[in-house]
Amino acid sequence: MGSKWNKSNLMGWQFVLLPSALILLFSFYPMIQSLLLSFQSGKGNVYHYVGLSNYARLFSDPMFKQAVLNTLLYLVVQVPIMLMLGLVIAYFLNMPGLKFKGFYRTAIFLPCVTSLVSYAVLFKSIFAVDGILNRMLMSIHIIHEPIAWLMDPVWAKVAIIAAITWRWTGYNMIFYLAAMQNIDPSVYEAASIDGASKTRQFFSITVPMLKPIILFTAIISTNGTLQLFDEVVNITNGGPGNSTMTISQYIYNLSFMYTPNFGYAATVSYAIVIMVAVLAFLQLKVGGEKK
Amino acid sequence: MRKVSAAAIHLFLIIASVVSLFPFVWMLIGMTNSSSDIVKGKFSFGSELSTNMNKLLDMTDLGGAFWNSAVIAVIGTVCTLILSSMAGFGFEIYRTKGKDRLFGILMLSMMMPFAAVMVPLFRMFSSMGMLNTPTAVILPTITTAFMIFFFMQNTKSFPRELLQAGRVDGLGEWRLFTHVYMPTMKPTYAAAAIITFMNYWNSFLWPLIALQTPDKKTLPLIVSSLASSYNPDYGMIMVAIVITTLPTVLIFFLLQKQFVQGMLGSVK
Amino acid sequence: MKKLLSVLLLVSMTASLLAACGSSKSSDSGQSGTGSEGGSASKKVVAWAWDPSFNGAALKIAEELYAKENPGFELEVVDMAKTDLEQKLNTNLASGVKEGLPDIILVNDPNIQKYVTAYPGTFADFTDKVDYSQFSPYKVDALTIDGKVYGVPFDIGVTGMFYRSDYLEQAGFKAEDLENITWDEYIEIGKVVKEKTGKYMSTINPNDEALTSILLQSGGSWYITPDNKGNFVDNPVMTETLRVYKAIADSGIAKPVTGWSEFVGSFNAGDVATVVSGVWQISSIMDAKDQSGKWRVAPIPRLNVEGAVNASNEGGSSWFVLEGSANKDLAIDFLAKTIGGSSEFYERFLKENGGVGSYIPSFSSEAYSQTPEFFGGQAIYTDFTKWSTEVPGISLGMYTQEAKDALKNELPNILNGSDLTQSLANIQKLFEQQVQ
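Line order of the protein sequences matches chains A, B and C. Counted from 1, the first sequence has number 56 at position 56 by full-length UniProt numbering; the numbering is strictly sequential. Counted from 1, the second sequence has number 227 at position 227 by full-length UniProt numbering; the numbering is strictly sequential. Counted from 1, the third sequence has number 76 at position 76 by full-length UniProt numbering; the numbering is strictly sequential.
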């Protein structure tokens, strides 16, 4: 047993060595540089060592707090909706005998390849005061006066959440669809013979079998949401006020919009790393990586 | 009862498809309209397509940019798939504490916002003399913790008996990887290829910084510079966007067959 | 193990192949900007600009003019989005990498002081190279830091109030009724227009600081003081600006928009009666060919404070030369003799690209006295240049963006009617926290 384990261990390393080395070189080397920078402050290309004071500044920085709150809100509300939707769609699209699968699949995948420019122009016009959405809601008498969606702190957040969900549901669907091909179809057949309904099969076969992938998408989406940037910049540019601003947008502002302070920007970035790492760790625990 | 539920599923999927397709259709319509019609919200096909197309071809080196994007995306995707699946296979099949720890550390790399590592990365590629090359664009994401993780998670449902059987047949570990693992994991490779291709094809921030001369520009950089002029010509921009979007759609179209293959096997 | 080696080999070979074919090309085209070949009497200058049909085209005109006197002079214009340009510049300068930087760069005026201060020694001093007395003083003020002038003034954004004469006539107003009015009068006119024609008077975008910027400069003030402190508390111009802003929002005469395309769409579609904007807006307005002859321009309304005028500025940019550039002297000479001192350049720039500069000698030229039919034969450029000499000079400072964001943060509260003095104190505090 021991020798076999050793052999297997050694075998494994030859597969992981090169890829790991590449990540260490191209990601960790710059990350360490950026860690060193997070202990410095200044502007442009003139920096001096300030110890932990950048980290202390985080806690008294109202813009940062606002960005963290906004981002966490997106995370808590949007990620579960999107993953559930993606999973259900993938399940439907994986049913044998369903017609037009190819069309549905392509259509639902398309939003994540559609360019941000068109997407931004379009979403703004959908949510405009005299936009499509208001006209539609007014014609079916749900509302009587147009709502200024993107100018209201709450509705603007709803618009952002809708936009992210629209863009990334199909993306997650791909992961689920691919993983569903690894499930042995005879499992479903057996369940059908036993009289289990489709809903029942979904919860008792699909979800448990896809657990590793659901966990994967949960961690990826958490990571993606905490680094959310494109949608917000293009649709609301952080407004109204700073009510939709995200942490990544704040980092961007600190580096490129404001008088550049790459030191403090690095500190804010590490705040993201820590948050994602903690959340991913919790998800892995809850997701049952027990073995 | 079954009919009803099938109808409900179709209804749901149709709504989802229409919502998803809407911006895409709008883009196709926009491509045939003049800029001022687009900002006015015109939602019907116009006759400006050739004008828009000619303007775009006059103003930009579209062919060159397309080629640059293609080189980066194709070579990048092939390298990333090989390297990441290797690592995913290694980390999961030969799982040990040490490897788990290493992977945990690697995961940290995807949690770092890219804007924060851009300056050190730029300095690094400058000292390697590699700026302004496709290599510089590909290398930082040639293997990602994200893709390794994806392969690892899919490998969890990989039937290990196949490996045992292979070993009995006298196959070495690398042969097992190339001849048993790779063919079995086709749907996973297909999904990974779509996602990786899309990431390379659409990548913006790093190419913007790493590529320095106009002849090296990729498509997204062209679209971005068109969209920011004082008086943006949205008709022309829509053409550029459609051209930028098509290759990913095409790749998706070609590879999505892999997602039905598993099912076909069961129907027999 | 053999397999591993072969994969490694394959990957590294692909990589080196790519690197080889990439770098061989980059050494003949890419490095021309930094002139790393060094010493050679290179006559090629590289410039970064962000709008090929505007500032990029302007450089091409300048190149033509300069090449007449200096045969063999060559200019390469690299176009990219404005924000992209800023990112590239910041990354290059912050990392200390000179490779790939151009000789000439276009800088948005509010960024001037920021760049010069954050990256000391990076930009060439133009103080004695250009006769700045020939330019509108407010434009030169924006370029002056600690007594030195950096760069050559380029386009300006002198503002005007574009209006639909047909809508206003329908509401019973004549051209004279729109001259030299205050913002309060503007709002009153707007109410009548709304009532009589059903059209909005203007647009309002709470996520965009264009209007507050225009109002502040028309009163000779800015978000920050010349010594880079927040300028929110005890600043009568700021108080009046926000009062006017809220009054416009409350009056219901402004159509809410959230982005550029919506803003342009609102006047292209004929939804609004007036557009208060920079002179460069002319080309977007003229895009709606069906509205030819219906537009006119009047001076912008005035704030109700001491020293406020009916003129302001929105946007504008200037050309800088990088100190470390190998072709620095050539680049300086090129800019100084064309954009920095040629009336012919500004005449052609206006005729060919609709760009307006601040070079006073060009104002009396034939190009600037044209009377476009689209604006009912009004000599609009004569009017704009006249207003440009009235724009108050201000220091844009280095923290404009931080200050705008601090204001933006509080703006919803102000619009909701919270106590203005308290709000201004909040903004000031937030700003100070941001620039520590």
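Worth flagging that the hints you see were computed from the coordinates, not collected in a lab. A couple of the hints might just be wrong.
Once the Cα atoms are required to be at most 30 Å apart in a straight line, the calculated DSS-like pairs of lysine-lysine come out as [what the hints assert, rightly or not]:
1. A:Lys285 <-> B:Lys42
2. C:Lys196 <-> B:Lys40
3. B:Lys97 <-> A:Lys285
4. C:Lys196 <-> B:Lys55
5. B:Lys257 <-> A:Lys99
6. B:Lys42 <-> C:Lys44
7. B:Lys257 <-> A:Lys198
8. C:Lys82 <-> C:Lys196
Every value quoted in this text rests on a predicted model; they were computed, and no experiment measured them.
Hint numbers contradicted by this structure | 1, 4, 6 and 8
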